[in-house]
Amino acid sequence: MRGVDRAASDPVSDASAPGSVPVLAMRGICKRFGATRALEDVSLELRRGEVHALVGENGAGKSTLIKVMTGVYPPDEGEVLVDGEPVSLRSAADAQRLGIAAIYQEPLIFPDLSVAENIFIGHQDQGPVVRWRQMCADAEAILARLDVHIDPRIPASGLPVATQQAIEIAKAISLDVRVLIMDEPTAALSAHEVERLFRQVRQLRDAGVAVLFISHRLDEVFEIADRVSVFRDGHHVSTDGRDDVTRPRLIAAMVGRQMSDFYARHDHHAEKVILRVRDLGRTGKFAGVSFDLQRGEVLGLAGLVGAGRTDIALALFGVAPAETGTIELDGKPVTIATPRQALDHGIAYLSEDRRHVGLSLPQSVTANITLPSLRRYVSRLGLVNGAAERSAAERFRRQLSIRTAGLSQPVGLLSGGNQQKTMLAKWLNTEPAVLILDEPTRGIDVGAKADVHRIIDELARSGMAIVLISSDLPEVLAVSDRVLVMREGEQTGVFDRSEATQERVMTAAVGVA
Amino acid sequence: MTTADVAGLRGTRSRPGRTAVWIRPERVKELSLLGVIFVALLVFSFLVDDYFSGRFFNRVTTSVAITAVLAVAQTLVIVTRNIDLSVGSIVGVTAYLTGQFASSNPSASPAVAIAIAVGLGALLGAINGVIVAYGRVPAIITTLGTLAIYRSWLISHGEGKTITADSLPSWVVDLPTRTAFSIGGLDIRVVFAVVVVIVVVFQVAMQRLRWGRRLYAIGSNPEAAAQAGLPTRRLVLGAFIACGALSGFAGFLFLSRFGNITVVAGQGLELDSVAAAVVGGVSVLGGSGTLVGAFLGAVLIDVLDQSLVRVPQVSEFWRNAILGALILAAVIADVVIGRRFRRRWSAEARPHTKVGDGSTDTPTEAPVLTGATPRGESGDA
Numbered sequence: 426m427r428g429v430d431r432a433a434s435d436p437v438s439d440a441s442a443p444g445s446v447p448v449l450a451m452r453g454i455c456k457r458f459g460a461t462r463a464l465e466d467v468s469l470e471l472r473r474g475e476v477h478a479l480v481g482e483n484g485a486g487k488s489t490l491i492k493v494m495t496g497v498y499p500p501d502e503g504e505v506l507v508d509g510e511p512v513s514l515r516s517a518a519d520a521q522r523l524g525i526a527a528i529y530q531e532p533l534i535f536p537d538l539s540v541a542e543n544i545f546i547g548h549q550d551q552g553p554v555v556r557w558r559q560m561c562a563d564a565e566a567i568l569a570r571l572d573v574h575i576d577p578r579i580p581a582s583g584l585p586v587a588t589q590q591a592i593e594i595a596k597a598i599s600l601d602v603r604v605l606i607m608d609e610p611t612a613a614l615s616a617h618e619v620e621r622l623f624r625q626v627r628q629l630r631d632a633g634v635a636v637l638f639i640s641h642r643l644d645e646v647f648e649i650a651d652r653v654s655v656f657r658d659g660h661h662v663s664t665d666g667r668d669d670v671t672r673p674r675l676i677a678a679m680v681g682r683q684m685s686d687f688y689a690r691h692d693h694h695a696e697k698v699i700l701r702v703r704d705l706g707r708t709g710k711f712a713g714v715s716f717d718l719q720r721g722e723v724l725g726l727a728g729l730v731g732a733g734r735t736d737i738a739l740a741l742f743g744v745a746p747a748e749t750g751t752i753e754l755d756g757k758p759v760t761i762a763t764p765r766q767a768l769d770h771g772i773a774y775l776s777e778d779r780r781h782v783g784l785s786l787p788q789s790v791t792a793n794i795t796l797p798s799l800r801r802y803v804s805r806l807g808l809v810n811g812a813a814e815r816s817a818a819e820r821f822r823r824q825l826s827i828r829t830a831g832l833s834q835p836v837g838l839l840s841g842g843n844q845q846k847t848m849l850a851k852w853l854n855t856e857p858a859v860l861i862l863d864e865p866t867r868g869i870d871v872g873a874k875a876d877v878h879r880i881i882d883e884l885a886r887s888g889m890a891i892v893l894i895s896s897d898l899p900e901v902l903a904v905s906d907r908v909l910v911m912r913e914g915e916q917t918g919v920f921d922r923s924e925a926t927q928e929r930v931m932t933a934a935v936g937v938a
Numbered sequence: 078m079t080t081a082d083v084a085g086l087r088g089t090r091s092r093p094g095r096t097a098v099w100i101r102p103e104r105v106k107e108l109s110l111l112g113v114i115f116v117a118l119l120v121f122s123f124l125v126d127d128y129f130s131g132r133f134f135n136r137v138t139t140s141v142a143i144t145a146v147l148a149v150a151q152t153l154v155i156v157t158r159n160i161d162l163s164v165g166s167i168v169g170v171t172a173y174l175t176g177q178f179a180s181s182n183p184s185a186s187p188a189v190a191i192a193i194a195v196g197l198g199a200l201l202g203a204i205n206g207v208i209v210a211y212g213r214v215p216a217i218i219t220t221l222g223t224l225a226i227y228r229s230w231l232i233s234h235g236e237g238k239t240i241t242a243d244s245l246p247s248w249v250v251d252l253p254t255r256t257a258f259s260i261g262g263l264d265i266r267v268v269f270a271v272v273v274v275i276v277v278v279f280q281v282a283m284q285r286l287r288w289g290r291r292l293y294a295i296g297s298n299p300e301a302a303a304q305a306g307l308p309t310r311r312l313v314l315g316a317f318i319a320c321g322a323l324s325g326f327a328g329f330l331f332l333s334r335f336g337n338i339t340v341v342a343g344q345g346l347e348l349d350s351v352a353a354a355v356v357g358g359v360s361v362l363g364g365s366g367t368l369v370g371a372f373l374g375a376v377l378i379d380v381l382d383q384s385l386v387r388v389p390q391v392s393e394f395w396r397n398a399i400l401g402a403l404i405l406a407a408v409i410a411d412v413v414i415g416r417r418f419r420r421r422w423s424a425e426a427r428p429h430t431k432v433g434d435g436s437t438d439t440p441t442e443a444p445v446l447t448g449a450t451p452r453g454e455s456g457d458a
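Residue numbers (our numbering), protein chains in the order written: chain R, 426 to 938; chain W, 78 to 458.
Careful, some of the hints might be misleading.
Simulated DEER-style distance windows between Cβ atoms [unchecked claim]: (1) W:393 / R:760: 44 to 52 Å; (2) W:310 / R:513: 15 to 23 Å; (3) W:185 / R:513: 48 to 56 Å; (4) R:554 / W:311: 13 to 21 Å; (5) R:788 / W:310: 54 to 62 Å; (6) W:211 / R:788: 25 to 33 Å.
Calculated from the model, a selection of chain W residues having no Cβ within reach of chain R, i.e. all distances over 10 Å [said to hold, decoys possible]: (7) 139; (8) 252; (9) 267; (10) 286; (11) 293; (12) 361; (13) 409.
Since the hints were made in silico from the structure, they are not lab data. Glycine is no exception: its CB is placed at the ideal position from the N, C-alpha and C atoms.
Go ahead and model the full structure; you've got the sequences and the hints to work with.
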C-alpha cells in the first residue's frame, strides 16, 4: 500500500516526485459576486502528506477559496480535481464524501451534545442505532492520539477553544480526511496549545493528509509549512518551498509593496501617572497585581492564555470587579463596579471577542460606533440625533481607514480587520483616558495590523494611556514601552522596553527555571 | 487510495477508564422534577384532607394524558430550535373530524379511527414542516398562521355544529374509564398506560436512534449541522410530522375523553404543551431536554393544578397566579442548577496542560451565540 511506503520516506519529496497526482487541484477557478471578483483564474495544487500554508491580506480570496473547496460555492469557471478526476462539489456532504474537511477559527461544535457525539454525529454509514459505549471508546482513543485527555461523555459547551479544535480535528480524522483546511487555527490558542496543534498537524501530514494551513502569523508558517502560497486580490501570486522564500519576500508578495517595518516605533518620555493599581485580586483569577500606568505610555500585558490578563482588564472595566486591592485614577481612589462606572472614569476596554462581545453584528457601523456614548447624541426630548451620529462615525471612518460599503452597512458583513477598527472607533468615541486593548490584531491581515499599531502609537503620543494585551510576543515587544508578564494569575515580571527580550518575557510567562 | 494511514491515527480502542461518577445532565433534571413532584404531594397532603385517594390519582392521570402527549410532540419540535403553536388547532381538527367519522361509521374498527386521527395530524404537521424547513419561514410565525388557518377551517367546516357524545360509538366514549390493570388499589387506566408507553418509546428513540440525536444536533447548532452534512430540512420536516401525528393522537384522546366536541375544541392546548416542556427542562433555544422531562413537567403542572383546586382557601383567581408562579420557579431553579453543573464540568474538562483558570479563553457557552452569528462574508478572505 502506498501509504505504508510513504511513512518510511520523506513525504515531501515523494509527493513532488514527477507523475504523482495531487490529491486536490484547482484549475482556473473564477468566482464573482456581482462586481466583486473574489477569485480570478486561481490554480492551486495540494499534495498528499504536505502542510501547505496559504497567506494573504484581507480580501485576497482565501475564504472564498475554502468555500469553493468545501462545496459551499460552485465556481463560475474552472474545475476542481480530486486525484486527477474532475469533481462537482455541490454541498458540504459532497466534500465530506471526498475527504475534504475544513476547520475554522471559531470551532463549529454542538454545545449540548457530548464530545463523542460531536465527533461522530455526521457519519452517514453507522446505522440507525447509536452505540454509545463504542462511540465513546472510539472518541477517547482518537483524542488521546491528539494528546487531548477528556471524558467524551461531557457536553462540548464551555470547553476551551483548543479542545474544541481538537474535537474538530478528531471529527476529520474519523471521516478519513484527505484534505484538511485549517483557517487561522492558532488565533485563539496559547503558545503551549499552538505547539500541541503543530504536533497534531505533523501527525496528520505524516499520515498522508494534505493540510492547507491559513495563517497571518508568518512565524508559525515558517515553522509548520512545507510549501507557502501567497494570494493577493483574488489571484494566486506565488508558491514556494518553505526554505526557498523569506519573510520579507512573502510580505512583499502579499501586499504588493515592500514593507520594511510593520511595527510602529515611538519613544516615550516619563509623564504623570494616571492609573495606579495596588494588590489587585479576584479569587480564582488573579492576585497581587500592582502597576503604574503613565499618560502616553503603552503597557503590554504578556503571558499565556489563561494567565489572567483579560481578567485584570475585566476588573478595571467593571465587568468582573476586583475583590481586593485598590485602583487610583489621577491620584484619587475609585471603585469600579460596573462598565458604566469605568466609562465615566475614562476607562475603555476593547474585547478580544469582537463577534460576540465587542460588536452588535446585525447593526450598522454607525450604530456600533455611537452605542456606549449615545447620551451625547440624544436631544432633550430623548430622540437620537442621527446626523450627529453619522458625522461622528464618518470622522472615525476616515481616521481609522475603515473600509465599508457604507456607514449603514451591518458590521457583520465587514472583514475582520475592519470590524476591529469599528470596535476601536466605538471606544475611542468615549474619549477615554485609559484604553485597554485585548488582542486587537488577532485574526486580521498584515495591512490592518500595521494600521492598528500606527493608531496605538498616535494615541499614545496624544497622551492616552494604553494597556495592550496580546499573545503575539513580537507585537508586544515592539509596541510597548513596558511589558508586564502574568503567569497563572500572578505577576511574574515587569520589563522596560530596553531590557525586554522574547526569551525573558517567555521565561516569566512560563515559569521555567 | 488507501485510507489506512489516517485510520492509524484513530488510536487503539480500549475500555475507557472513568474517573468521577457520571450522571447525565438530563437525568439530574428528571430526578429533580420527581423530587419536586414528591415534595408538592407531601405539602398538599397537609393542606388537604383525604388527599391521597384513588379518585385523585385517576383525575390526574386522566387529565395529564392529553397534555403529556402534546408535551412529547412539542418537545420533538422545540429540540430542533423550532416551535409548533398549532398543536391546539390540530387537536381540535382531528378530534372533530374523527368524531364525525366515528359517528357516521359506528361499526368501523377502532384502529381505523385512530389511524385517521394520527394520519390527519401528520398531514397537518407536514404542512407546518414544509413551510418551516423548505420555505424557511420561522416556525413561530408559520405555526401561528396555521393555528389560525386550521381553526378557521374547522369553524367553517363545522358550521357551528357540535359532535355529541351520544352520537359516538360506545367504545370511544368508554375508553377513558377502561382500566388496564391495578396496582394495590390504584387503577391504571388504559389511556394512561398507552401514554406512558408512548413517552418511553419516544424517549428511547431520541436517546438511542441516530435520527433523534440529529434532531438535538440541529437545535444545538444549526450551522454546524449543515456543515456536518446532516439533511437538516428533512429532519425538521420529520420532527413536525411526528409532532402533528402525536397531536392527532391527542385529538383522538380528546374526543374520547370529552365526547362533546365543539369547533373551539383544543384551544389553548399549545400553551399547555410549551409550559409542560419548559418546566420539564426542555430549552426553548433547542438542543437539550428530554421527553421524560417533558412528561414529568406535564405531571407536575397537573398535580399542582388539581391540588390547588382542592385547597379551600385558594380562590380560582389565585389558583392561576400561583400556578404561573410555580412554573416560573421551576424554570428559574433549572437555570441556576444547570449553570452550576456546567461550570463544574468545564472545570473538570480542562486538560491538565492548561495554565491558569482558563477564564480568559474565548467564551463558547450559550448555544444561541454559536449558531446565530453570521458567517459568510464576515471572515477574513
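_Assertion that residue 286 of chain W lies outside the chain R interface [Cβ separation over 10 Å]_ = violated (6 Å)
*Starting from the hint 13 to 21 Å, judge whether the C-beta atoms of residue 554 of chain R and residue 311 of chain W obey it.*
At roughly 19 Å between Cβ atoms, residue 311 of chain W and residue 554 of chain R fall inside 13 to 21 Å, so the hint holds.
*With d taken as the least Cβ-Cβ distance between residue 267 of chain W and chain R, does d exceed 10 Å?*
Residue 267 of chain W clear of chain R: closest Cβ-Cβ about 30 Å, beyond 10 Å.
*Evaluate the given range 48 to 56 Å for the C-beta pair formed by residue 185 of chain W and residue 513 of chain R.*
Because 53 Å falls inside the window, the suggested range holds.
*Go ahead and decide if the range 15 to 23 Å is satisfied by the Cβ distance of residue 310 of chain W to residue 513 of chain R.*
Once the Cβ atoms are compared, 21 Å apart, the range 15 to 23 Å for residue 513 of chain R and residue 310 of chain W holds.
*Do residue 393 of chain W and residue 760 of chain R keep their Cβ atoms within the hinted range of 44 to 52 Å?*
holds (51 Å)
*Beyond 10 Å from every chain R Cβ - status for residue 139 of chain W*: Non-interface label on residue 139 of chain W holds, nearest chain R Cβ at 34 Å vs cutoff 10 Å.
*Going by Cβ atoms, does residue 293 of chain W stay more than 10 Å from chain R at every point?*
Residue 293 of chain W is in fact no farther than 10 Å from some Cβ atom of chain R, at 6 Å.
*Holds or violated: is the Cβ of residue 361 of chain W farther than 10 Å from all Cβ atoms of chain R?*
holds (13 Å)
*With respect to the beta-carbon atoms only, verify the hint that residue 211 of chain W and residue 788 of chain R lie 25 to 33 Å apart.*
holds (30 Å)
*Is it the case that residue 409 of chain W keeps its Cβ farther than 10 Å from each residue Cβ in chain R?*
holds (20 Å)
*Does the Cβ distance between residue 788 of chain R and residue 310 of chain W fall inside 54 to 62 Å?*
violated (30 Å)
Hint check: violations occur at hints 5, 10, 11; the rest are consistent with the structure.
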